[in-house]
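Q: Here is what each chain is made of, one letter per residue.
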Amino acid sequence: MNFKEMGANLGLEEDEYRELVELFVESGSSDFKNIVDGLAAGDADKVMRSAHTIKGASGNLGLADVSDVARAIEERAMKNRLDDLDQSVQTLKGQFEIIQAFVNG
Amino acid sequence: LKKAQEINEPVDICLIDLNMPDISGYDVAEKIRDEFETPPIMIALSSTLERDASKCNELGFNGFQAKPVRRKRLLQMIGRLLGEVAKKAHEDESKRKMHTQYSVREAMKQSVSILLAEDNVVNQKLATLMLGKAGYQVAIAGNGKEAVEKYSAEPDKYDLIFMDVQMPEMDGKEAARRLRDLGYTDVPIIALTAHAMKGDREMCIDAGMNDYTTKPIKRDKVLDIITKYVFNRSGA
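Chains R and Z are the protein sequences, given in the same order. Take the first sequence: its position 15, counting from 1, is numbered 15 in our numbering, and each next residue is one higher. Take the second sequence: its position 160, counting from 1, is numbered 265 in our numbering, and each next residue is one higher.
Hints are supplied without guarantee of correctness; some may be wrong.
[Said to hold, decoys possible] Derived Cβ-Cβ restraints for the label pairs, each shown as a range:
| no. | chain 1 | residue 1 | chain 2 | residue 2 | range |
| --- | --- | --- | --- | --- | --- |
| 1 | R | K33 | Z | T290 | 35 to 45 Å |
| 2 | Z | G288 | R | E13 | 22 to 32 Å |
| 3 | Z | L328 | R | V36 | 30 to 40 Å |
| 4 | Z | D325 | R | E19 | 18 to 28 Å |
| 5 | R | E75 | Z | L328 | 28 to 38 Å |
| 6 | R | N80 | Z | V174 | 25 to 35 Å |
| 7 | Z | G288 | R | Q90 | 45 to 55 Å |
| 8 | R | G94 | Z | D311 | 39 to 49 Å |
Bear in mind the hints are in silico, worked out from the structure with no lab data behind them. Since this is a predicted model, take the numbers as computed values, not measurements. Quick reminder that beta carbons are idealized off the backbone N, C-alpha and C, glycines included.
Kindly generate the complete structure, drawing on both the sequences and the hints.
A: Structure below.
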């Protein structure tokens with residue numbers, strides 16, 4: 001990930017973009033926890049809302065891969081289909097870890 | 106107006122209601138332009154802004170204000186127009202003129218205040234940075250209810266509202282509806298929607314919003330919208 005380039009796409013400096021990504025990782029990890037909790041509790045609405053939040057934030061930051069996975073989870077939850085989401089949730093978790101590593105960089 | 110001409114007292118600014126008995130505002134403007142070598146700044150007042158705009162331009166009006174006239178907008182416009190006159194008087198070089206126009210525009214931006222209704226903290230911060238760097242003032246509301254409260258508390262403060270559609274507590278459509286019901290019919294409300302679905306635009310317009318843009322937020326689009334609804338609207 002090139003923070004400088006990704007920031008420039010939004011008209012931001014590298015450090016401003018980095019700050020946004022940090023905020024995303026921080027707020028996103030609680031949203032991610034909500035997805036996991038929602039799945040465990042069979043709470044489709046909770047899963048949907050949390051996935052929606054991650055989708056929106058990552059999409060705006062240009063983190064398209066994260067946004068795509070979050071959208072897939074949101075759409076499944078919208079249809080109240082919480083089965084078979086483990087793969088997507090694992091993918092999302094991995095993506096968060098990668099971004100976190102970059103932020104710590 | 107003729108009297109003013111006779112005693113030769115310089116008038117700097119004329120506010121002219123377009124819809125007057127006997128002689129319309131258009132005729133007045135035409136007359137002023139014909140009879141004065143350097144006509145004063147003329148601002149048209151009309152309740153049907155859009156229809157009259159091009160005609161006003163032709164007749165040499167410097168700006169338009171929709172009725173009911175709002176104090177802040179009118180003062181902003183007068184300040185801007187006086188600035189332009191002063192500028193014209195003092196600067197001949199076209200290069201410098203362009204530079205000044207740019208500065209005036211930048212100065213105008215500083216006085217433009219935007220209310221953003223958005224629940225996502227990352228998006229809040231991104232929009233604040235983006236719009237702040239572009240020179241605008243930004244205030245945040247965390248949901249629709251807060252947006253209605255914030256706007257109603259200081260309706261003259263904000264020039265435009267960006268409204269996320271999907272928010273907790275009160276969504277953007279409901280918030281827009283309430284603002285319009287409260288009589289705030291003038292302020293542009295722009296929906297930020299995650300769905301590019303057909304019918305979504307109609308739902309936002311039905312709720313009283315002026316336009317929409319889809320997320321993820323595109324910087325250029327957002328800035329274009331502000332130009333369209335804030336600057337062009339006030340005749341800039």
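Q: State for each hint whether it applies.
A: Do the hints match the structure? See the list:
At about 43 Å, the beta-carbon gap between K33/R and T290/Z stays in the expected band of 35 to 45 Å. Distance hint check for G288/Z and E13/R: the Cβ-Cβ separation is about 42 Å, which falls outside the suggested range of 22 to 32 Å. At about 38 Å, the beta-carbon gap between L328/Z and V36/R stays in the expected band of 30 to 40 Å. Between D325/Z and E19/R the Cβ separation comes to about 22 Å, which falls inside the hinted range of 18 to 28 Å.
At about 31 Å, the beta-carbon gap between E75/R and L328/Z stays in the expected band of 28 to 38 Å. Checked against the given bound of 25 to 35 Å, the beta carbons of N80/R and V174/Z, roughly 53 Å apart, lie outside it. Remark: the range hint 45 to 55 Å for G288/Z to Q90/R is upheld by a beta-carbon distance near 52 Å. The given range of 39 to 49 Å is respected by G94/R and D311/Z, whose C-beta atoms sit roughly 42 Å from each other.
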